[in-house]
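Novice: Protein chains in written order, with our numbering: chain A, 1 to 209; chain B, 1 to 94.
One should not assume that every hint holds.
With a straight-line Cα cutoff of 25 angstroms, these simulated BS3-like cross-link-like pairs (lysine-lysine) come out [to be verified]:
hint	chain 1	residue 1	chain 2	residue 2
1	A	LYS120	A	LYS49
2	A	LYS92	A	LYS22
3	B	LYS63	A	LYS120
4	B	LYS12	B	LYS63
5	A	LYS175	A	LYS59
6	A	LYS93	B	LYS67
7	A	LYS22	A	LYS120
8	A	LYS49	A	LYS59
9	A	LYS49	A	LYS173
10	A	LYS59	A	LYS22
11	A	LYS59	A	LYS173
12	A	LYS120	B	LYS67
13	A	LYS113	A	LYS22
14	A	LYS113	A	LYS59
15	A	LYS173	B	LYS12
16	A	LYS89	B	LYS63
17	A	LYS92	B	LYS67
Derived from the structure by calculation, the hints contain no laboratory data.
Now for the letters of each chain:
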Amino acid sequence: MADMEKHAEHSAHVHRDDEGDKLGMWLFIFTELLLFGMLFLMYAVYRYKNPEAFLLGGKELDVFMGTLNTVILLISSATVAMSISAIQKGNKKLALILLGITLLIAVVFLVNKYFEWGAKIDYGFYPGSALLHELGHGTTLFFGLYYVMSGIHALHILIGIGLFIYVAMQIRKDKIHSTDYIWLENTGLYWHLVDLIWIFLFPLFYLIH
Amino acid sequence: MSEEKHHISSYKSHAFVLLALLVLTAASVAVTSLEMGPFNTAVAMIIAGCKAAIVLIWFMHLKFDNKLYAIFTTLVLVIFLLVLYVTFFDYSYR
């Protein structure tokens, strides 16, 4: 009798398929990897064709700013991973704090990007600028790729910020908890993807030697 | 509801992974100042590859999750490298 009641209670539950949700997230990640992969392919070909221009272009970028953003993004990857551990252990408060730190870092990353791009634009490095026209085709390609690739990456950071806010609200409302946390887990996967792409963008743009 | 046993990573293991990633980042910046000609880019890519592998295996949980994800991820990498190879095969002989 008790079993039947339990069963009835169960079927009233909303259908859940965490493994399916995760597989879906991974499939999305694969499309993202191929999207950025093709941009990296373009980068490789253009750099192969214009090695000197890419070298000079890379020297124009701020290594300190690039390193700083790399470090904070790696830290944010760790905090979002820790926040998943916290929710799994049922520590709601710690999960929210760690998620908050991740969110803050994401915002700081974009603020740094704003100053970085601002400095470049002030200096005259922007698509269609007279300076780039003067410096020629190779430099134009370098800065074109720089703006497109770090721009699409920054767009992903922006989407990540939206996801963090949504997930934090769900945790507060106890919609995400120690036995139902696939939303947080998938948001974490997304954030690691953003980190993964930056891991390659950083040496390819800022550390050209 | 099927109660599967989920692997819960410890905070300490996450901290270790972060430390490894930061050390590799420092190494990547440090080797930039060395004069190695074309090998600079190769070394930078090898370090980035190691960092990516660490993120995929530990942070993205490929080590603990269904092996299907690891197999698919490897396939995506192979497809990308093949496309890169074919493209450069074309460009090198123009």
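Novice: Against this structure, judge whether each hint is valid.
Specialist: A quick look at each hint next to the structure:
no.	hint	in the structure
1	A:LYS120 to A:LYS49	holds, 24 angstroms
2	A:LYS92 to A:LYS22	holds, 22 angstroms
3	B:LYS63 to A:LYS120	violated, 41 angstroms
4	B:LYS12 to B:LYS63	holds, 17 angstroms
5	A:LYS175 to A:LYS59	violated, 48 angstroms
6	A:LYS93 to B:LYS67	violated, 32 angstroms
7	A:LYS22 to A:LYS120	violated, 39 angstroms
8	A:LYS49 to A:LYS59	holds, 18 angstroms
9	A:LYS49 to A:LYS173	violated, 54 angstroms
10	A:LYS59 to A:LYS22	violated, 41 angstroms
11	A:LYS59 to A:LYS173	violated, 49 angstroms
12	A:LYS120 to B:LYS67	violated, 44 angstroms
13	A:LYS113 to A:LYS22	violated, 31 angstroms
14	A:LYS113 to A:LYS59	holds, 17 angstroms
15	A:LYS173 to B:LYS12	violated, 28 angstroms
16	A:LYS89 to B:LYS63	holds, 20 angstroms
17	A:LYS92 to B:LYS67	violated, 29 angstroms
The earlier numbered hints that this structure contradicts are 3, 5, 6, 7, 9, 10, 11, 12, 13, 15 and 17.
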